[in-house]
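*Asks:* Given chain W, work out where chain Z should sit, using these hints.
There are 2 protein chains.
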Amino acid sequence: MKLYGYFRSSASFRVRIALNLKGLAFEQESVQLPSGQQLSPEFRALNPQALVPVLDDGGALLTQSLAIIEYLDETHPQPPLLPAEPLARARVRSLALLTACDIHPLNNLKVLKYLSGTLKLDEARRNAWYRHWIAEGLSAMEKRLANEAGTGEFSHGAQPTLADCCLVPQIFNAKRYGCDLASYPVVMGVFERCMALDVFQKAAPLNQPDAEN
Amino acid sequence: MKLYGYFRSSASFRVRIALNLKGLAFEQESVQLPSGQQLSPEFRALNPQALVPVLDDGGALLTQSLAIIEYLDETHPQPPLLPAEPLARARVRSLALLTACDIHPLNNLKVLKYLSGTLKLDEARRNAWYRHWIAEGLSAMEKRLANEAGTGEFSHGAQPTLADCCLVPQIFNAKRYGCDLASYPVVMGVFERCMALDVFQKAAPLNQPDAEN
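First to last, the sequence lines map onto chains W and Z. For the first sequence, the positions run -2 to 210 when the working numbering is used. For the second sequence, the positions run -2 to 210 when the working numbering is used.
Treat the hints as calculated values from the structure; they're not laboratory data. Hints may be right or wrong, so weigh each one.
Which copy is meant is left open, so a pair is good if it fits within one copy or across any two.
Keeping only pairs whose Cα atoms sit at most 16 Å apart, straight-line, the calculated EDC-like set for lysine to aspartate or glutamate is [what the hints assert, rightly or not]: (1) Lys107 - Glu133; (2) Lys19 - Glu71; (3) Lys110 - Glu133; (4) Lys(-1) - Glu139; (5) Lys19 - Glu133; (6) Lys107 - Glu26.
Since the model is a prediction, treat every value here as computed from it, not as a measurement.
Bound conformation, chain W alone (with noise of 0.2 Å):
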């Protein structure tokens, strides 16, 4: 398999996550995110949303982290990343989904281009609404980690799942834009005991081959 990405984003990280946790081997080839190399024609010819991540299995072309993370999930069933019982699959489908799309696609690299191009918003503006986006998640997360009883040493039960896989990027990006993330003990628990494990280290943006250290 080979994984178009880039050492940076976070729909990237999330991937490389899963694939590590299935141990599966993989090729990266970077996508250099910020001189717009996802615009080409080339790229756009692998991916019409010039987005990564795009996975290449054997030829077969695959788009979108989660549609890519249940398409490992279900093609590699050990270890799962998905509960067996239908309501705890929705627990951690709908965790997931609170990342990836109510945080996430409100702070991507498109999202703030536009502020500042477009809109000629400064930095202080475009930082408020970054941290806003961020706040507003990670409270509802918190509450739900607190709140809800599939909540283990994980988002859910003792294992990584795709809960996992979302919610760790996400905090790497709200370290990074430094937001305050001391409100929120218990996601912070959940991720400190995910970077514990070897797989989500290696998986982590300054471990990859592209980084710029």
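*Replies:* Just chain Z, lined up with the frame of chain W:
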């Protein structure tokens, strides 16, 4: 089952379509988004994210429209809303996520309120924002549906899937904001074939009990 939603909420509309496709009876409880009912302590007790929809299935509370639809598909398998084969499932999920992660989150009520309230953008700039993300997302959707072998009468094959549950509400929204949809003939063909079906019509905003006519 009881669905907490709002007639104009795209995410509620997705779940109404799925429930209708499955032939499941459900009660509706309207959450008045314009007056902020979703922010009340009572509603936050159901969903700390203060978002609709919430599905109550025998006392179990489910959030996030895509997680709810996957749950319905797992617990009521006929007719399936995802194909059987993993690559085809990944395709349907990636089309659904294109809408759910890359178009809708940028244009929902809370974001439009931030643009007008905090950023003090006038109506012209808010509409430009709205149409920018619609055009970017639907252009990619059009390329995918036009070029990928999986496309049939519907987004995938000859039966409606999760991808159509997401696409149709997004087109309703785009029309409501006056977006020009002439550049997306393949997308609009799928939309028209969906809307020719009673189950989609019955789910439409103006056919809900809480619709303002």
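*Asks:* Each hint should be assessed against the structure and marked as holding or not.
*Replies:* Tested hints:
no., hint, verdict
1, Lys107 - Glu133, "between (20 Å within a copy, 11 Å between copies)"
2, Lys19 - Glu71, "within (11 Å within a copy, 23 Å between copies)"
3, Lys110 - Glu133, "between (21 Å within a copy, 14 Å between copies)"
4, Lys(-1) - Glu139, "neither (35 Å within a copy, 26 Å between copies)"
5, Lys19 - Glu133, "neither (32 Å within a copy, 34 Å between copies)"
6, Lys107 - Glu26, "neither (21 Å within a copy, 37 Å between copies)"
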